[in-house]
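Asker: The listed protein sequences correspond, in order, to chains A and B. Last residue of the first sequence: 1659 (full-length UniProt numbering), numbering continuous. Last residue of the second sequence: 195 (full-length UniProt numbering), numbering continuous.
Honestly, the hints are just simulated from the structure, not real lab data. These numbers were taken from a predicted model, which means no experiment stands behind them. Don't take every hint at face value.
Derived BS3-like pairs: lysine-lysine, alpha-carbon spacing no greater than 27 Å straight-line [what the hints assert, rightly or not]:
{"id": "1", "chain 1": "A", "residue 1": "K957", "chain 2": "B", "residue 2": "K175"}
{"id": "2", "chain 1": "A", "residue 1": "K549", "chain 2": "A", "residue 2": "K840"}
{"id": "3", "chain 1": "A", "residue 1": "K549", "chain 2": "A", "residue 2": "K569"}
{"id": "4", "chain 1": "B", "residue 1": "K175", "chain 2": "A", "residue 2": "K976"}
{"id": "5", "chain 1": "B", "residue 1": "K178", "chain 2": "A", "residue 2": "K976"}
{"id": "6", "chain 1": "A", "residue 1": "K957", "chain 2": "B", "residue 2": "K179"}
{"id": "7", "chain 1": "A", "residue 1": "K976", "chain 2": "B", "residue 2": "K31"}
{"id": "8", "chain 1": "B", "residue 1": "K147", "chain 2": "A", "residue 2": "K976"}
{"id": "9", "chain 1": "A", "residue 1": "K740", "chain 2": "A", "residue 2": "K765"}
{"id": "10", "chain 1": "A", "residue 1": "K627", "chain 2": "A", "residue 2": "K613"}
{"id": "11", "chain 1": "B", "residue 1": "K178", "chain 2": "A", "residue 2": "K957"}
{"id": "12", "chain 1": "B", "residue 1": "K74", "chain 2": "A", "residue 2": "K957"}
{"id": "13", "chain 1": "A", "residue 1": "K976", "chain 2": "B", "residue 2": "K74"}
{"id": "14", "chain 1": "B", "residue 1": "K179", "chain 2": "A", "residue 2": "K976"}
Here are some chain B residues the structure puts well away from chain A; computed CB gaps all over 12 Å [claimed, not checked]:
{"id": "15", "residue": "I50"}
{"id": "16", "residue": "Q59"}
{"id": "17", "residue": "N66"}
{"id": "18", "residue": "G164"}
{"id": "19", "residue": "H171"}
Listed next, with one range per pair, are the computed distances between beta-carbon atoms [as the list claims (entries may be wrong)]:
{"id": "20", "chain 1": "A", "residue 1": "D994", "chain 2": "B", "residue 2": "A41", "range": "24 to 34 Å"}
{"id": "21", "chain 1": "A", "residue 1": "D994", "chain 2": "B", "residue 2": "K115", "range": "41 to 51 Å"}
{"id": "22", "chain 1": "A", "residue 1": "E1311", "chain 2": "B", "residue 2": "P119", "range": "38 to 48 Å"}
Heads up, the beta-carbon is just placed ideally off N, CA and C, and yes, glycines get one too.
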Amino acid sequence: MASSRDILEKLAMKHRALQETLVKNKHADDVQALVPSAKVNVGKLQPTMKAAESSDEDPGETLKRTLRAQRQRRKELLLSKSSVQESHNNEETEEVSTIKRYSPNDKLADKTEESSVISIKPPSGSYGSATPQPSSSVFLDTFVTQHLQEKLRAARSKGEKLQQLEASVQSPSRLQQLRDRDTVTRFDTRQVDPVGAGRHDDPPVLHNRIKFREAARRVRDLPTAEESYNFFTFNFEPDRPNERLSRKRQIRRKSAEEARDEEEGKAAEVEEDAGGEDDQDETVNQSDEAHLVQNADDLFVIDHSPQDFLVVKKAEYVSYHTRIQQESELFTPSFRTVPASVKLPENMKPRFLEEEGLYVGKRPAISLTNENILENRLLKMDEGRKWFGDDGRIITLPDPVKESSTRPPLADMEEDLHPALQTVYRRPLKSMYGSSDPTGDYQIDVNVSGLIFSHHPLFSREHVLAARLAHLFDQYLTRRQSNLSGHLTDKLNGLRNALRNVVKVHGDQDLPQALQRRIFEYSLEVRNTRHLRDMEQEKDRTLLKNIIKVWKEIKALREFQTFTNTPYKLYLRRENVDLAADEHMYEEEILTEALEIEAEHEEDYQKKLAEYKKQQEEWKRWRKKQKAKKKKKKKKKRGQTQDDTDEEDQDQEGSESEGPFEEGPPKPEPPERPDFDSIEQWVREKASRIRRKPGEVILTPELSASGSITPSELCPRAEVARREDVSKRSLFIKVLYNDKEVSRTGSCSLRSDFRVQFTQLFHLKILNCPQSMNLQVFEQIGSSSSLLAQVFVPVPEPSVVTGSAPVETFEFSSNQRVMFDHEGVGSDVPLSFEPDGSNKVILLTSGKLACCVSWGIGEDDVPRAPPVSQQLGAAHSGLGHLDAVTYIGASGLYDMKKISEWATQSRLDPNDPNNASIMQLLKVASSGEVTAPDYFRLEHLQEEFNFATDEEMEKSKRFRLLRLRHQGVPEFRNYKFVPAFSSETSEEVFKEYDRRLRDEEIINKEEHLDSHRALVARYLQKIRESVINRFIQAKHHYLLSDLVVEEEIPSIGGAGSGILGLNLFKLAEPKRPLKPQRKERKKVTAQNLSDGDVRLLINIIRAHNIPVRKPHSNKPGQSSQSAIQGSEWFISQVQVKPFVEVSFQRTVLQTTTADGPNPSWNEELQLPFSAPNGDYSTTGLQSVKDEVFINIFDEVVHEAAASNKERRPSVHTQTEKHWLGSVKIPFSTIYSQSRIDGAFRVNTPAVLLGYSKEHGSFAAYDHFRKPNEGTFIRLFITMEPQLVPGEAIREKIKEMTFESQEDERLLQASETFERAAALRYPDRPCITTVIDLNGKTVFITRYIRPLKPPQEFLDAFPNNPQEATTLVARYVSLIPSLPDELSFCGPCDLWSTCDQFLTLLAGDEEEHAVLLCNYFLFLGKKAWLIMGTAIPEGPTAYVLTHEPSGFFIWNPSSGQCFERDDTFCPLQTIGCLVSSDNVWFNIQEKASPVNMSFDVTNTSWWKPFFSRSFSHPGLSSVQPEELVYFHTDRAAASDLQDRIEKILKEKVMEWRPRHPTRWNRYCNSILKQFLPKLELSRGQDVAKAHRHELQNLLGDYRIAGFPLHMPFSEIRPIIEAVYSTGVHNVQVSNVEFALAVYVHPYPSYVLSVWVYLASLTRP
Amino acid sequence: MATNNPSVFLLTVNGQIEGANFPEHDNLYCKYCYVYGHDWAPTTGLEEGITQITCKNSQTQRLVWNFPLETTFKSTNPFGWPQLVVSVYGPDVFGNDVVRGYGATHIPFTPGQHKRSIPMFVPEPTWRLQKFTGWLLGRRPEYTDPKVVAQGEGREVTRVCSQGSVTVSFHIMSKDMKKMGYDVGPSHVHSATPD
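Model the full structure from these sequences, guided by the hints.
Answerer: The following block contains the structure:
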């Protein structure tokens, strides 16, 4: 204990020393920081300090006071110290002296001190804003460290011993201290230094580090064994932030002392805190950190050591490692504490604002794990460090939650609220933006005053009558008010007077014209007025009569029912008149009237009379004519009668006379003379009807409701029930504005007189343009209400304003049917007032609503109505749209007719500009009526929707482009980026298309060289178009399989792979079998492809039987012997060095050169494929016409003479390649079959100059078939990736059910037959129906019919049928072949008949086969059509013949014939055989012709289509009876021959642009002589002799050449073929060429073309 | 220069395939691609993509991908406006990857932020038995090409079953559309402009 006491003492001493230095330091740097700012900031200090103070969270006055005291004390201390230490540092003292200057002023010094702290650290209390101020803090750091280091050096020398003790002593001393302190919590026990830990959030890592550093330092200074043990085993337990946090909280709550500690900062703490050891620790810590910064080694060790420990731990978990590898992409943040050094920028110590005396808020509580995770996650990011503050913790805002409410409660303050806090209501302003009404401050007042039912279901009978009475009386009142009859009477009198005056003044005679007219007008007017008056008077009279009648009825009813229901009483006031005067007036009236009428009648009469006379005249004239005629005819007999009639006519007018036999103008009747008496009588009658009789009293009805109603007690029960019912009812009215309910009246009960008074006024503020106003009348019984009727109220005119607007009544009615069992009459119920029940009336609920709708008036008497003018101009208003009428002030006349009426009546001035609009309107309206169409148009708005006229559409290049693309024109089908503007569309785009259009019209002669072919081409083009259209239709017909990929339906128990059981077994199969089997490659749909994705793989395996070279120096005799000398000769010379060159789409690749006639290359060539226009759709790929040329060349190396000019003798070798043969495979074939594998017969020329053919077999065979002769090459061709071949459009066509003339039963049978075949042998083609050129389905057997070949073939070898057969086969093969797919751009198989085929001179294998089969049948052979697959064609058609020597298979396209067991036969599988009467499907095990039997009668091998169950229906053939052949003109052929030769020569020269091309004329002519011979011998057996001859003729020339033979279709393929041989590529300078062409004509323009091509070099 | 008389307009699609709601399935991933007309071409961004596999949270029952879409198209013609085609796949009971839904939506026309919920569907097997075997063998019917769902032609031959929905959010920007005479903005924006 003593030693420890000793140590403590020493420590205290040390502490004191340190204190001194620290204070000095503090002082110095305080001043340093202060000096520049203090001078300036003196004035500002006060607020700064205040801010610093106020940033305290919970300061409390006491705290402040203590703080102040504290500062005071410290200051005193500081002052004394500074004076003591003046000698310490000169510079410092100077600065201190500056402080001294301030020191007298305590207050100020205090402030400066305070501010110095503040200026070192930013005065913010939050962590977030604690941005480091490098200038001051770094300076401070270095300064401090400097001093500390100095101090340390001294301390070390002193305290060597002390340090050794430290490790052992520390913890007890700490514990002791802990015991001394009461306030410390249990957490402190673990801590090294509770004060230090509490002071600043010193991360325990730091502690660890410190410990570690100490240890490390000690290691440097020879560590003891124990220490080293400690070093390696001590678990540097990471911190306990949880504790730390809680500690922090506790410490916050601690005494003011500690608060002060926080406030004061480090220096003060050091000064005041007693624990000397701690301070020692502190300083050591500080100095160590300084070391740490300076010493890189230390830094390294310290920073990474904790991590090293972690790594060791991790290594134990191997599984964890693997897991980490698996999830390497995922980041799982560790929840371990991150060392502070990682979180801070390098060379930075954690800095604790809190410690430095700044306030930092209370951090929100976060669980430690989460914080760690977050820190780890942040650090993983690129700029993760920016999230960390200076103290190495995540920047956090202080917890914003306050413990107590900061707002005073408002609940009890409502009464005595401060006037400034009172809320003021402001009405919401409508935003101007987007408002439809200009100002919107409008108001409509709706005044609903009342309601009167003219009928109600609860009316009693009396009510009905009373209502009627009231109605009549109303009418009467209105009539009396308007007093129309009185007016009219006055008017009449006036007119009469005027008329009388006129007549009186001017007398009767010679009136001027104008006056006469005036009189006439007057009288007319008088007549009209009188008429009107009479009508009115009559109405008055009937009304009065009716009133009285109804009243009488009411009285009768009241008497009958013994009670009164209505208060109505009718009084008739009698007004006595003076009888005499009255009578006088009456008479006078009648007289005047009668006179007038008479005068009118008279006038009328005169008119009629005049007319009559005129007619009479006419009649007479006619009559005379008639009579004259008659006179001539019958003079005597008729004479008398004639006279009579004449007399009659003259005497009596108006008498009738019959023209018994005449037809003519009828004899006019004379008008009746008006009779005054009768007129007077009529007038009187009328007067008595419509007018009161003279002397009769004038009756004035008066209706009063003053009568009393019988009280209910006196009424019968039914009536009582009715009355009760009435009293239950009440009514209310809803006001609807623009179909929205805006308000409703209160409900008023129905009174017994069926009137309801509402008298309510509604003010409607209007925002929307008024469209409709609607008042709904509701009737309420109890709580349920029902809509009785709706009254639509017109929206008032803007001029109608409240106050001036009259109350209007609107009638309403409802057709609800109501019936009652009491006295109520109900509604929609027949009702009769007659005792016998007749004369029934049906009454509907109806009534009148009195209301007034008008625009409101504002407070300042301004009408709140929309201005009139605005409505006119505003486009938004439905009212003002065409409202010219409101403009001129006549509102409400919306009806066009009414407007026009009104316009004519009011005699609008059409020239007034004000009226222009209405005039126009009227004009439009009237013209509109005239031109209204009397037809109905469906798309009458089409023109409005056309955004461009048709002309513009035509003209615009852009639209044209768009349209053409839409139509799918091939040139534009995949055109991308149609420009947005026409101007950007270049003409270039259309050039090709236009040219094609033109070319379709004018067939290029050059291309076809033959007028017949030109015509054919055009015909073919037309067919193609129609077929394409058909297929475009078909293409848009989708099947499920086109859209959805689905597993096949597993067949249960059937053969094949699709057994359900098998599939189930597959589940149990191992995923990766030991012996993998070839799997189908995944097929790629073509859409996603682009250029470069697709490659053509051509595997050239080997070739057989390549021609070998012959030594050119051989003499003729030797060459003939060479074959015999055989083996010896082979050895002696280089046979041949063949290589294969493949060209496709301008890419040329070649294999290496091999040796010998049977070379084996086994090389794979990859050729890129690009589809035209980048169109990788199925149709696009199908229409690719490119062909793959596979040429076999011989590489010949010549040793050219060494050039003498050079000194060194050098040997120049020249390499030539000699064409030996070629194979052409169209791309379409590869595409449709997706892979081609097999041996191909190389197309070798009949004669190869300089080469001899090696004969592999010497067996004897027929002279017309040479199966083994020739060269074969084995190829494997496919595409990478595998493209999906075109879907079977055939299926679709069947779906579309192309029209067919076949029997429905047959079609069905064929479908089932084909389906069954496909199901069982999917790889064997089975075709029973085909589509002809018209797109109709035809049964296949109809195509087979014996047809006669051209006679010349039959004549050529009359004795040798075999020859004829060959000739025929050759003829057929000479017809050019054109796959349907190319011609019809789709995988469709169209079969043309033989005559069509011969006319078109183009077709694919089927047509050739059909024609050949038909010829063979004619030649008497047994022949069948084979439907099978062959290489390279794929599904194709061959011909099978049965001859005595066996079965033969013919390739119709090449004219070759194979024996059944020929292994080189290209036919691979046979699907079915077709004859003219049946189809047999191959159901044998094997499908290749070698292994099968052709005995079609055996039904176990061949399944016939027509069997006993379904016999042949006797189908007639579609082929013509006989083929007509045209004799081909030889002259035309020779002409063509010359042209081809010319073109070819030009081309060869064109292909050799850098070399002169010399033609050896001599050779040309020799070759030309050979060609006909070759044609005659069909390219066979002449080679030897031919070579001989040539050799003789040309002597020393080394000749390489060959004749090419091909059917003629166009010039282009010939050029291509010549080009592909590469003869022109000979670069030797002295080369000469020879070229000869021969065209042999066959019937029907079938031409055989021979091109002999040779290069000659002189050795 | 070019900005005054643009020959193409640009449409930028930003956004993300936010997630999906497939009540019956889990562990799904999503593929997307665009379908557009001849006059359209993507200039930048991915045209096709595939998301991570995501599984449901036990609480929300919602699949979240948050898969960003960023593509810019240029075009001369609004015809063939791009459509987003999404197809969702996931393992079935036996672990076979099967399709869970197809769906498509047009890219919104108007600039701004849009959110689309695309209802998803899958083709139905033609046969009950096929439905069973498809379930058993994990080979459900699928469209030959997911882009089928963006076209109207030929859909009448299929039968589909609805599945769930995918939520996609778009942020659309367009450039030069108005200069080329295509006005796609909301109507009130233009009505508010002074005459």
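Asker: Each hint: holds or not?
Answerer: Against the structure, the hints:
no. : hint                         : verdict
1   : A:K957 - B:K175              : 25 Å, holds
2   : A:K549 - A:K840              : 17 Å, holds
3   : A:K549 - A:K569              : 13 Å, holds
4   : B:K175 - A:K976              : 20 Å, holds
5   : B:K178 - A:K976              : 22 Å, holds
6   : A:K957 - B:K179              : 20 Å, holds
7   : A:K976 - B:K31               : 26 Å, holds
8   : B:K147 - A:K976              : 19 Å, holds
9   : A:K740 - A:K765              : 13 Å, holds
10  : A:K627 - A:K613              : 20 Å, holds
11  : B:K178 - A:K957              : 22 Å, holds
12  : B:K74 - A:K957               : 21 Å, holds
13  : A:K976 - B:K74               : 12 Å, holds
14  : B:K179 - A:K976              : 21 Å, holds
15  : I50                          : 14 Å, holds
16  : Q59                          : 20 Å, holds
17  : N66                          : 15 Å, holds
18  : G164                         : 20 Å, holds
19  : H171                         : 25 Å, holds
20  : A:D994 - B:A41: 24 to 34 Å   : 27 Å, holds
21  : A:D994 - B:K115: 41 to 51 Å  : 49 Å, holds
22  : A:E1311 - B:P119: 38 to 48 Å : 40 Å, holds
Every hint, counting from the list given before, is met by this structure.
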